[in-house]
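Enquirer: Those sequence lines, one after another, are chains C and R. Per full-length UniProt numbering, the first sequence runs over residues 1 to 176. Per full-length UniProt numbering, the second sequence runs over residues 1 to 680.
It cannot be assumed that every hint is accurate.
[Stated by the list, open to error] Just a sample of chain R residues kept apart from chain C, beta carbon distances all over 10 Å, derived: (1) V30; (2) H157; (3) E241; (4) T316; (5) F345; (6) V396; (7) L524; (8) E673.
[Said to hold, decoys possible] DSS-like mimics (lysine-lysine), calculated; alpha carbons at most 27 Å apart, straight line: (9) K662(R) - K651(R); (10) K132(R) - K128(C); (11) K425(R) - K447(R); (12) K293(R) - K357(R); (13) K211(R) - K120(C); (14) K159(R) - K120(C); (15) K425(R) - K140(R); (16) K121(R) - K53(R); (17) K113(C) - K159(R); (18) K159(R) - K140(R); (19) K119(R) - K10(R); (20) K219(R) - K159(C); (21) K445(R) - K425(R); (22) K128(C) - K219(R); (23) K211(R) - K159(R); (24) K128(C) - K10(R); (25) K14(C) - K120(C); (26) K211(R) - K113(C); (27) K211(R) - K225(R); (28) K159(R) - K128(C); (29) K94(C) - K120(C); (30) K159(C) - K225(R); (31) K159(C) - K85(C); (32) K258(R) - K287(R); (33) K128(C) - K211(R); (34) K219(R) - K32(R); (35) K132(R) - K121(R); (36) K3(C) - K258(R).
Please keep in mind that the hints were generated in silico from the structure rather than gathered at the bench. Where a beta carbon is used, it is the ideal one built from N, C-alpha and C, also for glycine.
What follows is the residue order along each chain.
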Amino acid sequence: MEKIQEEYGKISEKYCNHIVQYPPEVSLCAGCTSCEAVCAMVHDGAVSPSLSRIQLERGTVSMIHTIHACMQCRDHPCYSACPKKDKAMCIDEKLGIAYVNQEECVGCRLCVKACPFEPKRIRMNLDKPRPKAIKCDMCRTRPNGPACVEYCQVRCIGKSEDPVPVDDRGRTQGLF
Amino acid sequence: METIYGYAGKIARINLTDSTVTDVPITNYVPKYVGGRSVANRIFWEEVGPEVKAFDPENKLIYMTGPTTATGIPSGGRTVFTGLSPKTLPEQYTWSGMGGWFGSELKFAGYDGLIIEGKAKEPTYIYIEDGKVQFLSAEKLWGQYVHETQEMLEEIHGKDVKSIVIGPAGENLVRFASITTANDNAAAKAGFGAVMGSKNLKAVTVRGRGKIVPADIPKVLELRKTMNNPPMRLNPILNLEGVEAGANVNFKVPGGVKQAQVACCYGCNQHCDRMFLDVKSGTSRKKKNRVEKCVGIFAMDFTENCGWMPNQTFQTEQNHSAPCKTLSGDMEPPDMTDPYAKDLFNWRPADTVNFWKGNYDKGNVMMDLCNQYGIDKWEVTVGLFPWFSMGQKEGVFEGMDFGMPIDVESEEFVRYILDMLVYRKGKYGDILAEGMARAVRILGKEKYGDTIYHGRYSNVIPGKQLDIPICMETAWGEIFHWQGRGYQAAIDITGWLPCSLQLMVSSRDTQTVAHFHSTWDYYLAVKDDPYHNRLVPQAVIECETREDIKDSFTSCEWQAPDHYWPTMECEMFEAATGYPMTLEEMEEMAIRSRLTFRAILIRNYGRDREMEVNAVYPGLTYPDSVGLTADWDDWNDLVDLYYEERGWDKKTGWPTREQYEKYGIKEIADELEAAGKLPG
Ligand code: SF4
Ligand code: SF4
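Sequences and hints are given; from them, build the entire structure.
Expert: Set out below in structure tokens:
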């Protein structure tokens with residue numbers, strides 16, 4: 001358990017607080033896709049994997065699923081690439097993370113190109129008259145914090161800054 | 001454009017004969033039929049007549065989602081197929097449920113459902129992307145296993161697609177072939193995989209980038225937390241010493257067992273499926289992960305049948321919990337202050353059957369082969385191999401050459417038999433591919449079906465021998481299920497009698513989406529004479545109404561109904577669509593759906609009282625786990641009460657014109673009258 005915690009600690013030197021998936025020994029993703037559903041719902045008032053800031057890479061046959069959300073890089077290359085920075089791509093000073101103001105986004109996709117990850121952690125919302133960038137904003141305005149974490153029924157995802165959860169039924173005992 | 005809440009808005013009519021696609025507005029059926037199975041019933045009633053056979057191009061495979069599918073409401077990810085089933089005996093219209101992500105993806109692609117009709121000239125698969133439907137050649141996919149087919153489709157169309165596919169069994173018209181989607185979710189019981197095969201349809205693959213808008217998002221989020229009080233706990237991979245699946249399947253496994261829980265469908269807030277990790281595969285050297293619910297566990301060890309605790313069936317306000325929690329191990333501890341707690345949690349031990357001993361590898365291979373060939377695990381686990389086990393012990397196979405000595409304990413034998421039937425090899429492969437019910441009739445039912453197995457013993461009355469036929473067949477070609485004999489026999493008469501009544505008026509096993517549930521008050525009231533108590537048919541009708549609700553709105557058997565929250569689906573519906581619905585309106589819709597289903601059975605397949613009473617009764621003459629059997633007159637008295645409670649004619653079992661008209665489907669009554677199928 002300490003080892004896992006240490007690993008997340010290291011990540012946080014390069015990245016701000018971001019959504020992480022715990023190893024299956026801590027909690028196996030149940031594949032319920034609730035994280036995707038609630039993310040799109042709280043941000044865009046609809047259910048759609050295309051609008052979700054968190055992406056579930058599904059193992060159709062292996063049934064081992066991987067989640068991808070923005071790593072919230074401390075040097076935020078997406079922000080640097082944005083031609084309308086501080087209007088479209090903005091920085092939340094308190095959290096240190098980049099977020100998109102969809103109203104101002106011109107849909108140039110430069111932030112998507114600048115994202116160093118595959119799959120890209122910024123996607124385009126094509127449900128608007130003009131495409132708009134969307135990315136995980138850690139649910140910065142939600143009083144309860146990240147919706148995906150709140151609604152993950154097996155608590156296999158969490159905030160990188162939080163301690164790795166311990167099974168409330170003590171089942172993880174002896175697993176490490 | 002005005003936003004439609006909940007629904008995608010249209011159904012795709014896909015004609016494989018002439019490769020055409022037509023959009024059918026969902027409003028042709030909604031709101032009279034809400035969605036899911038109810039809409040499918042109406043479509044089938046309107047479009048498929050009595051002359052059609054299961055493998056005819058004129059048979060239609062209908063696939064429907066519900067208004068809650070893809071809305072983020074838990075259990076809305078459940079979906080349903082209907083059509084004329086090659087599995088039921090005789091062939092009848094029936095349904096088959098499926099979880100997974102396919103239904104939601106279909107809605108994101110713009111469709112609430114599919115009507116698949118006709119027959120393609122060549123092996124074909126359908127690719128649907130954001131409202132565009134293509135007919136593509138399945139030449140390279142034909143012959144492939146289920147998992148390989150899914151992976152090939154993801155290679156061709158990208159990792160984000162969702163598919164429903166058939167395996168070699170569906171291609172070879174094995175009558176119990178399944179349709180499979182991701183996460184080992186399958187629609188297996190009706191043999192619709194063979195209907196796809198008969199249409200030369202290997203798969204339907206979907207990619208949807210659109211959205212579904214729920215009307216009331218705060219309510220959706222609230223339901224996520226209130227529906228069956230989700231455990232919200234970690235789901236670590238457990239390292240167990242062996243299989244620990246309830247009281248009846250427990251055995252040590254050298255090297256241990258890795259197990260966790262998973263969810264079956266899009267947006268669920270529970271995780272009732274068991275996943276076994278790194279298990280032996282039937283088709284490759286690499287280890288695999290596999291998902292099981294209940295019956296697959298018995299593939300690993302079938303020494304004893306499944307036991308029963310009254311609380312599984314009967315509940316009190318103090319002690320009630322959704323079935324999904326039983327499987328995930330998240331049941332609340334019993335509330336022993338309940339005056340009935342002692343009786344509610346009084347475990348009734350299962351019969352000893354001695355079909356086969358615990359063998360983890362063999363069981364996993366058997367189930368992986370079912371997944372890969374695309375066949376119903378039920379038919380294999382509680383039909384086929386128990387038949388071999390019992391028949392061999394009773395000497396009925398003497399002089400028969402299956403090409404390998406019968407040995408149900410051997411993995412080789414399991415592989416051999418499944419390969420033989422899936423590819424219809426030789427005389428016996430061809431016969432077994434017809435399914436147990438048809439196979440024993442081809443071979444001679446008296447000997448190969450009805451021979452008594454002398455190895456079933458009661459554990460309620462220790463040592464009491466309980467006769468059971470080697471083919472554990474009940475009505476409509478199904479295997480007994482929660483009926484006091486056959487599989488899950490431990491339930492007592494207050495449970496198996498209503499289960500049998502449910503089966504009687506259905507066209508397949510109902511204890512999958514309509515497990516019989518009632519209250520402990522019911523139990524106390526009927527236990528002394530269940531044949532002559534109106535509460536029995538009333539409870540059955542309640543379960544049947546709930547069945548149509550679940551499969552139409554859609555919600556899940558493992559989460560619903562909650563006897564103490566009867567309006568749960570009303571709230572789900574309103575959150576999804578914005579339309580308020582009262583409990584009365586919801587039940588009215590469900591009964592309309594049920595009458596439509598009944599009308600199809602009556603018009604197309606000659607269903608009447610005589611047919612259904614005679615289909616169910618013979619099985620009830622075998623002893624339950626304390627030795628009880630049903631008496632012909634008692635059984636008929638109960639059937640009388642059921643028809644009376646329904647307002648149907650007792651002589652024919654046919655609903656009256658008043659019933660159809662009361663539920664707003666006069667046109668169905670008119671057509672039945674013209675066909676001479678309304679009671680005189
Ligand atoms: S933290 Fe919020 S924005 Fe980020 S993935 Fe989770 S729900 Fe979506
Ligand atoms: S909510 Fe949790 S369990 Fe469900 S898919 Fe997302 S990460 Fe997996």
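Enquirer: At 10 Å, judged by beta carbons, does H157(R) keep clear of chain C as stated?
Expert: holds (12 Å)
Enquirer: Does K159(R) sit within 27 Å of K211(R), going by the straight-line distance between their CA atoms?
Expert: holds (19 Å)
Enquirer: K425(R) and K140(R) were given as a pair; does the straight-line alpha-carbon distance stay at or below 27 Å?
Expert: Holds: K425(R) and K140(R) sit about 23 Å apart, inside 27 Å.
Enquirer: Quickly compare the C-alpha distance for K128(C) and K211(R) to 27 Å and report which way the hint goes.
Expert: With a Cα-Cα distance of about 12 Å, the restraint between K128(C) and K211(R) holds, given a limit of 27 Å.
Enquirer: For the pair we were handed, K132(R) and K121(R), check the Cα-Cα distance against 27 Å.
Expert: holds (21 Å)
Enquirer: Does K225(R) sit within 27 Å of K159(C), going by the straight-line distance between their CA atoms?
Expert: holds (20 Å)
Enquirer: For the pair supplied as a hint, K119(R) and K10(R), is the alpha-carbon distance within the 27 Å limit?
Expert: Since the Cα atoms of K119(R) and K10(R) sit roughly 22 Å apart, the hinted pair holds (cutoff 27 Å).
Enquirer: Just to be careful, I want the Cα atoms of K3(C) and K258(R) compared with a cutoff of 27 Å; is the pair within it?
Expert: holds (22 Å)
Enquirer: Can we confirm that no CB of chain C comes within 10 Å of the CB of V396(R)?
Expert: Given that every Cβ of chain C is farther than 10 Å from that of V396(R), nearest at about 39 Å, it holds.
Enquirer: Check whether the Cα positions of K445(R) and K425(R) lie no farther apart than 27 Å.
Expert: Since the Cα atoms of K445(R) and K425(R) sit roughly 22 Å apart, the hinted pair holds (cutoff 27 Å).
Enquirer: Below or equal to 27 Å on CA atoms is what counts here, so check K128(C) against K219(R).
Expert: holds (25 Å)
Enquirer: Going straight from one Cα to the other, do K121(R) and K53(R) come out at no more than 27 Å?
Expert: The given pair, whose Cα atoms are some 19 Å apart, holds under the 27 Å limit.
Against the hints set out earlier in the document, no violation occurs for any number.
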